[in-house]
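Chemist: Single-letter residue listing:
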Amino acid sequence: MIGMVSNTFQDMISRLERYWADYGCLIMQPYHTEVGAGTFNPATALRCLGPRPWKAAYVEPSIRPTDGRYGENPFRFQHYFQYQVVLKPAPADVLELYYGSLEAIGIDLVSHDVRLVEDNWEGPTLGAWGLGWEVWIDGMEVTQLTYFQQFGGLDLDPIPAETTYGLERLAMFLQGKRSALEIEWAPGISWGDVYRENERQWSVYNFETAPVETLTRRFAEHEEECRALIEARLPLPAYDQVLKSSHTFNLLDARGAISVTERAASILRVRDLARQVASLYIELEQGSHADAAV
Amino acid sequence: MPTLLFEIGCEELPASTCRAVSDQLPGLVEEHLGAAPTEVLVGPRRLAALVELPAEVQTPAVTGPPEAIAFGGDGQPTKAALGFARKVGVNVAALELHDGFLTFRPPATPTAAFAEQALPAIISGIVIEKPMVWDATRIAFSRPIRWLCAKLDEATLDVSLGEVQSASASFGHRFTSGSIEIASPRAYTATLRTHDVEPDAQARRAQIIHGLDRLGAWRDPAGVLDEVVHLVEHVVVLEGTFDEKYLELPERVIETAMQSHQRYFPLGGRRFAFVANGGDPATVRAGNERVLAGRLEDAAFTYERDVRAGIDELAARLGTITFVAPVGSFMAKSERLVKLVSELDSDEDARTGARLAKADQAAELVREFPDLEGYIGAQYAQRAGYPDAVATAIDEHYRPDSAGGPLPTTPAARALAAAEKIDNLTVAFGISQRPTGSRDPYGLRRAAIGLCRLATEGGLSLDVHALVTRAYELLAAQQARLTEEQAAVSAQVVDFVEERLETLLGVPVDYVRAARASSVGDLGRKASLARTLADLEPARLERLHTVYVRADRIVSKAGSDDLLPPLRTELLSEAAELAVAEAHAEIVRDLADVTDFEAAVAAVEGLAEPLERFFDEVLVMDENSAVRLNRLRLLADLRGTVRTALGDLAEIPL
Chain L
1 MIGMVSNTFQ DMISRLERYW ADYGCLIMQP YHTEVGAGTF NPATALRCLG
51 PRPWKAAYVE PSIRPTDGRY GENPFRFQHY FQYQVVLKPA PADVLELYYG
101 SLEAIGIDLV SHDVRLVEDN WEGPTLGAWG LGWEVWIDGM EVTQLTYFQQ
151 FGGLDLDPIP AETTYGLERL AMFLQGKRSA LEIEWAPGIS WGDVYRENER
201 QWSVYNFETA PVETLTRRFA EHEEECRALI EARLPLPAYD QVLKSSHTFN
251 LLDARGAISV TERAASILRV RDLARQVASL YIELEQGSHA DAAV
Chain R
1 MPTLLFEIGC EELPASTCRA VSDQLPGLVE EHLGAAPTEV LVGPRRLAAL
51 VELPAEVQTP AVTGPPEAIA FGGDGQPTKA ALGFARKVGV NVAALELHDG
101 FLTFRPPATP TAAFAEQALP AIISGIVIEK PMVWDATRIA FSRPIRWLCA
151 KLDEATLDVS LGEVQSASAS FGHRFTSGSI EIASPRAYTA TLRTHDVEPD
201 AQARRAQIIH GLDRLGAWRD PAGVLDEVVH LVEHVVVLEG TFDEKYLELP
251 ERVIETAMQS HQRYFPLGGR RFAFVANGGD PATVRAGNER VLAGRLEDAA
301 FTYERDVRAG IDELAARLGT ITFVAPVGSF MAKSERLVKL VSELDSDEDA
351 RTGARLAKAD QAAELVREFP DLEGYIGAQY AQRAGYPDAV ATAIDEHYRP
401 DSAGGPLPTT PAARALAAAE KIDNLTVAFG ISQRPTGSRD PYGLRRAAIG
451 LCRLATEGGL SLDVHALVTR AYELLAAQQA RLTEEQAAVS AQVVDFVEER
501 LETLLGVPVD YVRAARASSV GDLGRKASLA RTLADLEPAR LERLHTVYVR
551 ADRIVSKAGS DDLLPPLRTE LLSEAAELAV AEAHAEIVRD LADVTDFEAA
601 VAAVEGLAEP LERFFDEVLV MDENSAVRLN RLRLLADLRG TVRTALGDLA
651 EIPL
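Order-wise, the sequence lines are chains L and R. Mapping to the working numbering: the first sequence position 220 is 220, numbers consecutive. Mapping to the working numbering: the second sequence position 526 is 526, numbers consecutive.
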């Protein structure tokens, strides 16, 4: 079906990089702080704000403590990979571009059933939402496509289009595997060889040993530091504190230390910070834009 | 007649938009084009309509000033005539006189121009529930609009919408076709069909149903068909199978895995059907089978971990799962449920059910399939060897989960369902989280309606005040951090629940209000009192009403009856007042033994005659204050007796 082309995990990623680089995207690298999705990387979250055009693509490890299953479940991991493409403004042929990327990694669009199914995205901690789809190939969800509408509670203009590939799912599909652990990462080396033990250890940490009191304290500290950085008019470092408090919150959630009401209150607090960071980011960017014009 | 076609080409629309547009287009087309569409064709990538229009469109004449004002004595047009001509944009010479008025008859508009003007208005008139913007024009629609095909017979119309300019081209199937010429509106459907697109939603639905029927006895418990119709432009119904080993999973788990994400249709056993938009059938089938196997494997993995733990172990883990922050864990909740259910049903199965009802909150499978809470707990209880009655109580304790949803089917399940709702209401009101406006995060309205239905339809005896008070005491004993006092919570919950009764019973609300003021504690009996009052013959109701209202008025006018001294029989002197006192005493005795409201009504009716005589013959407001107060006391007692037995009859307007 895929012919002679080698379709290891790493080859697939290289092809996506090549495809989007050829289109004109800046090829970025993963961010240095834990994020739940590539969207949270400032290369998407902050670059979406304001009027400047932006085209970027990058791999992002997705860190979701509650999704770990000790490396025992073939589909659930607390650490997996996304390929993130953000195009601002959204080009009119964004769907054709996406389908082109599928062909670039060896998917024949005619012999498969490729479909867009409504799936709207909301990032409550970022005050962000967008409308779009999940992409099914023969029933498997492999990508999310989103036209962002708001970030940090602000209406976006221009509208960015985001493409988020689930790399493991895409690789499972391409390689015909029933378990992400069996994905061939490179010839002779599987995804499980690389990450199974990682999953086990982190699941123990996330669910059993992560220190709740320390994390609770840290959550408050990140929030405090974020406020101080906003005060100091440093939105980029402040945004890192938003990410860190978000991740700390997720760890506390995995430890079962967050109740429904606390959850709502915590999300509101993080969102409030994200809102302030977004406004400040735009304010400074417009300032520097004006300088450049002079 | 010329036929108009317009097609709005979009990126894949949500099914809800397709349905909404299909409802809205006929009205919009009629409003802006003056004729209803002969066809409305909707699907994920296009919204289209065909309309038959007259060859030219006459717009109504405009009437100007009367002849006498329009022309001077010299026959020349006046300023008024010139002004009117300027307004309608022609020379006076082009105007005519009609019925003595200067009149402008606009030339007939060619249909093409008329339609070109109307189409943008039709499209922007579509109301989208969740709109988005996608480009610099900031036009909002459900998903980006990418092309417009607009034809009037063979002619192509000129319409623009944002960055999109109309053309004679449409597009066929996303992958097997491309841009296609539409020769004329009448050729539209046939042209699309030859390019793998079925634009007619009804036709797609029929094809899907036909395809499913051919595969066998398909089912659609979650109702995904309406959505599937709008997930494809080209219908391919395929069948797949999954490994037999997954049949060990509970049936609803398999069905939910199939339907909630994948929109598959169970065919029974290990077969399922699904609808594709094209592709090579063998390839597409293999892919979908692999996906379902993945989902079932995931569910099986989780299920086995839960079953290995067992329901008792899951129940033991509830201490670490927070129910509501200020009031503690699901463990604490389970303990309350056991005690509350004991107030409602002495049955051992009900208590066991209460102990285990929340165990599946600790189950991993419920985290995957939150809709299956209760059901999954019941499955685990059965696997652990608990009696069916226990499993049923667990399974059904969230019932009724919608206004007309089924009630629990066994006494133990009904008792547990009521205990669950009493506890939720007490907790939420106890932490000052009563519903406000549209906000009802704990589903309390549904819980209250559920209690009313359990009482009225389920025959469950429910003293809401006593149960809430008990639940409050249990919470207090668990050191729950409640922010409201017990008396307030009990009173508020009773009000909140009984207010639902008002809308639920189908009797005029005044009768329910009247019944609510009685001392009847049981919710079902309160409902049946309201019905009894509402069903009374008017004459009988009037008799009761008069007794009550006359006594009520005179006592209320005199001030608070709390200040009246107790009745002193030695002060009763006149025959009529003695008769009333005697009748009242008799009724108090009768009512003590009465069990049905019909008998209570009959007893109270016995007061009518003596009371009438009393009002005719006795002056209540005697100048001797002791006598006066004593008579008022007699009436106040009488009113109290009626109110206790039958409610506040003054609520009923006669």
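Treat the hints as calculated values from the structure; they're not laboratory data. For glycine and all other residues, C-beta sits at the position ideal for the given N, C-alpha and C. There's no promise every hint is true.
[As the list claims (entries may be wrong)] A short list of chain L residues far from chain R (calculated; beta carbon distances all over 12 Å):
| hint | residue |
| --- | --- |
| 1 | 11 |
| 2 | 80 |
| 3 | 91 |
| 4 | 112 |
| 5 | 120 |
| 6 | 185 |
| 7 | 193 |
[Stated by the list, open to error] Here are a few chain L residues that face chain R, going by a calculated C-beta distance under 8 Å:
| hint | residue |
| --- | --- |
| 8 | 92 |
| 9 | 131 |
| 10 | 154 |
| 11 | 158 |
[Stated by the list, open to error] What the simulated footprint calls covered on chain L by chain R, stretch by stretch (three residues with Cβ under 8 Å from a Cβ of chain R suffice, anywhere in the stretch; the number is not a length):
| hint | stretch |
| --- | --- |
| 12 | 18-25 |
| 13 | 214-224 |
| 14 | 275-281 |
Chemist: For every hint, state whether the structure bears it out.
Modeler: Going through the hints against the structure:
1. 11: holds, 21 Å
2. 80: holds, 14 Å
3. 91: For residue 91 of chain L, whose nearest Cβ neighbour in chain R is about 9 Å away, the distance does not exceed 12 Å, so it is violated.
4. 112: violated, 5 Å
5. 120: violated, 7 Å
6. 185: holds, 19 Å
7. 193: Label holds. Min Cβ-Cβ 20 Å, cutoff 12 Å.
8. 92: Residue 92 of chain L check passes; min Cβ-Cβ to chain R is 7 Å, inside 8 Å.
9. 131: holds, 4 Å
10. 154: Interface hint status for residue 154 of chain L: violated (14 Å vs cutoff 8 Å).
11. 158: Holds: closest Cβ of chain R sits about 6 Å from residue 158 of chain L, inside 8 Å.
12. 18-25: violated (count 0)
13. 214-224: violated (count 0)
14. 275-281: violated (count 0)
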